[in-house]
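Participant: Given the coordinates of chain A, work out where chains B and C should sit on it, guided by the hints.
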Amino acid sequence: MNFEIVELFSIILFFISFFGLITSKKALKSIVFTLLLQTAVVMFFLSIGFGENILPPIGEYVANPDYVHRVADPLPQALMLTAIIIGVSVSAINIVMLMTIFRKHKTTDWDIIKKENMG
Amino acid sequence: MIQVLLVLWLAMAMMIVFERKIAKIIIFFGIFSLITSFCFLLLGSPDVAMAEAAVSVFTTIFFVVCFEKYHNLGVDKTTEPPPKLKVLTFLKTYTLPLVFSGFLFMLFLYFIPEYTVNTYLKTQYIAMFARDVGGENVVTAIYLGYRVYDTLFEALILVVSVIAVSHMSWYEGVSVKDDTDVEIDGTEMAIFTLRIVCPLLLIFGIYLIANGQLTPGGGFQGGVVIATFFICRYLIYDIYDIRIGRIIRIEELVFAVTTLLAVFIVFLGASAYMPANYLTIFQDVYLVLMNALIGMKVACAFFIIFYRYIGIERK
Amino acid sequence: MLAYFVIIPVLIAVFLYLFSSAKSGRILAILIQAALVAFSYYLFSLSRVEEIVTVIGIYDGDLGIVLMSDNLSSSFILLTSFIFLITSIYSFHENNKRLFWFLLFLWEGLLIGIFLTRDFFNIFVLMEVLAIVVVILIMFNRENRNLYDGIIYLMANLVAIQFYLFGVGYVYMITGTLDMYLAAQYIAQFDRSALILPYALIMTGIAFKCALLPLFSWLPKAHGTPSAPSSVSAILSGLHIKSSVYLFLRIQQVFQDISAREFFLVIGIATGIVGFIMALSQKDLKLILAYHTISQVGLIMAALNIGDFYSHIGGLYHIFNHALFKSCLFLSAGVIAEIYKTREVYKIRGVFKEAPIIGLATILAVFGITGAPLFNGSISKYFIATNTNWLLNAILIFMSLGTIISFIKYSSILWGKSSAGETSITIDKCRQLTTLILGLFCFFGGIFGAQFIEFLFNVQVSMNFIGYLEKVLVFAISLTVGYLIYTHFIKTSSLLGRICKARLNFRGMCASMGIFFMAILMITGYFYS
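Residue numbers (our numbering), protein chains in the order written: chain A, 1 to 119; chain B, 1 to 315; chain C, 1 to 529.
Keep in mind that the hints are not guaranteed to be accurate.
As the list claims (entries may be wrong) - Subject to a maximum C-alpha distance of 27 Å in a straight line, what follows is the list of computed DSS-like cross-link-like pairs (lysine-lysine):
no.	chain 1	residue 1	chain 2	residue 2
1	B	LYS92	A	LYS26
2	A	LYS25	A	LYS115
3	A	LYS104	B	LYS92
4	A	LYS104	A	LYS26
5	C	LYS341	C	LYS417
6	B	LYS24	A	LYS114
7	B	LYS24	A	LYS29
8	A	LYS104	A	LYS115
9	A	LYS26	A	LYS115
10	C	LYS23	C	LYS97
11	A	LYS114	C	LYS341
12	B	LYS24	A	LYS104
13	A	LYS25	B	LYS92
14	C	LYS97	A	LYS115
15	C	LYS409	C	LYS353
16	C	LYS353	C	LYS283
17	A	LYS115	B	LYS21
18	A	LYS25	B	LYS24
19	A	LYS25	B	LYS21
20	C	LYS429	C	LYS417
21	B	LYS92	A	LYS115
22	A	LYS104	A	LYS25
Derived from the structure by calculation, the hints contain no laboratory data.
Here chain A stands alone, though its shape is the one from the complex:
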């Protein structure tokens, strides 16, 4: 076992939202939990190479060799920009599908939606 504090917190959040996913009966809550899961992963990526007094990878000092070890890793940040946009667009589709389902079945309860779809 060997971890940084931010990493530990992101793992805790990952499993909190996993717990939420396996218990929530309401579909809207499930969508919120998928977003929480996403946030946990983003936080984990950004925690890679985290240290005290970290500097953002922006500006003229970046190329200065004295600062290189203090600059945050730019690659996970670029990746997570992509991941965040993907997460919000998928959630937007999920919510709109949920709204259409709600119009038809007048409920957001997973079990009832499933039962009405089977029968």
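Facilitator: Same frame as chain A, but now just chains B and C:
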């Protein structure tokens, strides 16, 4: 500092998990996203913090509209569970999942590898980006230069999700309350504030896009901010006759132009043919142009999604 | 150069959507598909000789995104463009909506992207775009769609992909690269116990995409939903699921030292058996085929993880065969459902009288999937079982018996008196032609099996005539046994009716992801730490 924020962050997540009322969950989720974005700032990534803050505005809007529409589209026929939790039912429904996810968590911690973070790629990027792509923002240099291939698909995902949202919101049943839209009744104060904030949003968005290669921000963040500008205008002036089909066409055209630009400049390596004294200007023009195109695309996409949400009763 | 194989279909999709009318757009689309087949054949012939590697942009290799085409990926690309050409000819008259052609081209480009890429994060992005494209296509017909299937598919995908992304984070943390090839080189220097967690996380995501045992609940919902055009179902079952199997192969190569072969062998066999039991209990034409996809993917996974050279080749060849006969079956099922206006197996009779060519294609494909002698399924099943011990051999025969029983049930629609109403629908020529072509490919893939394998995978294989004859005998015996079981037990059993209702809800799916993750983590941890 960051430890305190992280504890708050987790506490917020716990409150979301154990809250039963949808309205409260939405509010908590907004606060949670705000704390998240502060954490990102402290982790040395202002770009992602800005994106998270801007995007969380939209997710909250989506959830609020969805919640609002619950009342517009019909009554929830499942009766709400009793608000007070009894200890026994709590244990019954939550014990097994709690034990299971706790066990998974411990297992996860046990297997976390012994490692030293490999910083080879980071040093490479920091050393090379000024020559290869230009600008002063390494993150922008990566997503518009080294990994522009990913960024194209990210832009594509917005095109596709706009289509998906307008495809999925179709419903064969009778339209409910055709004439009602979101009412902003009796909130002159809010309208007044919006009128003041609105131009500021536009200026801020354009600033973010234009300085994407120098400061935190860029096409995505600026685009989302500009989309909020359009939404504010929509709320102030109650515009109903927006031709959504035309905006979708513009969005796709912008996507095609973005792709072609990326292909000609990055894939074919146009900067290799540039004379050395024009190289910096060329690179800056490329970065600003790319950011502006992506910003336009994102603004269009988010506005269309918002518009479809608001008008889900319409055909 | 390789990036254009992805970018050009995407750009063509956008331009067709923006600037073409529906009619001319369709003809143009098919011409471009044909050109793509030619180009991918060109790529294939180049990649047979040596690997083609391109970095996007003019950057150093480890900074940019790297695309690579070797023999395996280029043969997959060839298959992709072929199946897309066939299905777009099939839906020439069916779909005149521009949106359909837009999504079809996007789908093709993105699938080719998956086969070409060597970058972990790029795979994540592509899989997400693919998920959205697929969800629009399976919800395409607005009138009879069932949005529950769509939302389950998309949300469960989102959860599974977060497991994958978490694993990628650990890979980046440890190795400092996102490139698969470089990561495999760095990983070789590490202690094996450092890789267990990322391996388990990544494999949970990929196994969900492959629909392995506890994680397959989304697949029949997505592949058999009534609102999807049958061409979409054909591509989904024939190709789309194979892209995940391809990723599985690639990632197993990266984590060579700790690849949990035995675990995936057992899971694959279990998936195969559960898949056909579920298929036996279905009444809906499309759902039977969808559950059979699960079963066949289980067989393929088992074959790829036996660890023997012949089984590996057999598994790969079975991927291609399955693409051919499953898409043939789905396409013909679409036509049959349109003629009879129902999809229930027991209500459809006499397809041979109503539509002889469709019936012929169906029977060819059924021979292929059951592994009848002289058909392509038999060749791949023969190679899978060449060097296996008796236990595995018996299990494979049992799985093949299950397939035979449920396809006896399926092919009962072909004979008997026609049960269609008086309304005579003229069957589209394009549809008859394409299903027949696919059916004939199933036949020729059997006759020229060894040659096809040499053409596709560039390896020499030889078949033992006596061994093959033994297979023929086993097939004949299991056909009789299967027929007897079908008439005496299956038709009268009430247990199957109850199995057919068993499906997981969203919570159950998330929990099963957790269970799978736990299992693979504990097993790899036990054996390799």
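Participant: All hints are to be evaluated individually against the structure, with a verdict given for each.
Facilitator: Evaluation of the provided hints:
| no. | hint | in the structure |
| --- | --- | --- |
| 1 | B/LYS92 / A/LYS26 | holds (18 Å) |
| 2 | A/LYS25 / A/LYS115 | holds (13 Å) |
| 3 | A/LYS104 / B/LYS92 | violated (31 Å) |
| 4 | A/LYS104 / A/LYS26 | holds (16 Å) |
| 5 | C/LYS341 / C/LYS417 | holds (16 Å) |
| 6 | B/LYS24 / A/LYS114 | holds (26 Å) |
| 7 | B/LYS24 / A/LYS29 | holds (11 Å) |
| 8 | A/LYS104 / A/LYS115 | holds (14 Å) |
| 9 | A/LYS26 / A/LYS115 | holds (14 Å) |
| 10 | C/LYS23 / C/LYS97 | holds (9 Å) |
| 11 | A/LYS114 / C/LYS341 | holds (25 Å) |
| 12 | B/LYS24 / A/LYS104 | holds (25 Å) |
| 13 | A/LYS25 / B/LYS92 | holds (14 Å) |
| 14 | C/LYS97 / A/LYS115 | violated (33 Å) |
| 15 | C/LYS409 / C/LYS353 | holds (18 Å) |
| 16 | C/LYS353 / C/LYS283 | holds (22 Å) |
| 17 | A/LYS115 / B/LYS21 | holds (23 Å) |
| 18 | A/LYS25 / B/LYS24 | holds (16 Å) |
| 19 | A/LYS25 / B/LYS21 | holds (12 Å) |
| 20 | C/LYS429 / C/LYS417 | holds (24 Å) |
| 21 | B/LYS92 / A/LYS115 | holds (23 Å) |
| 22 | A/LYS104 / A/LYS25 | holds (18 Å) |
Checked against the numbered hints above, the structure breaks hints 3 and 14 and satisfies the rest.
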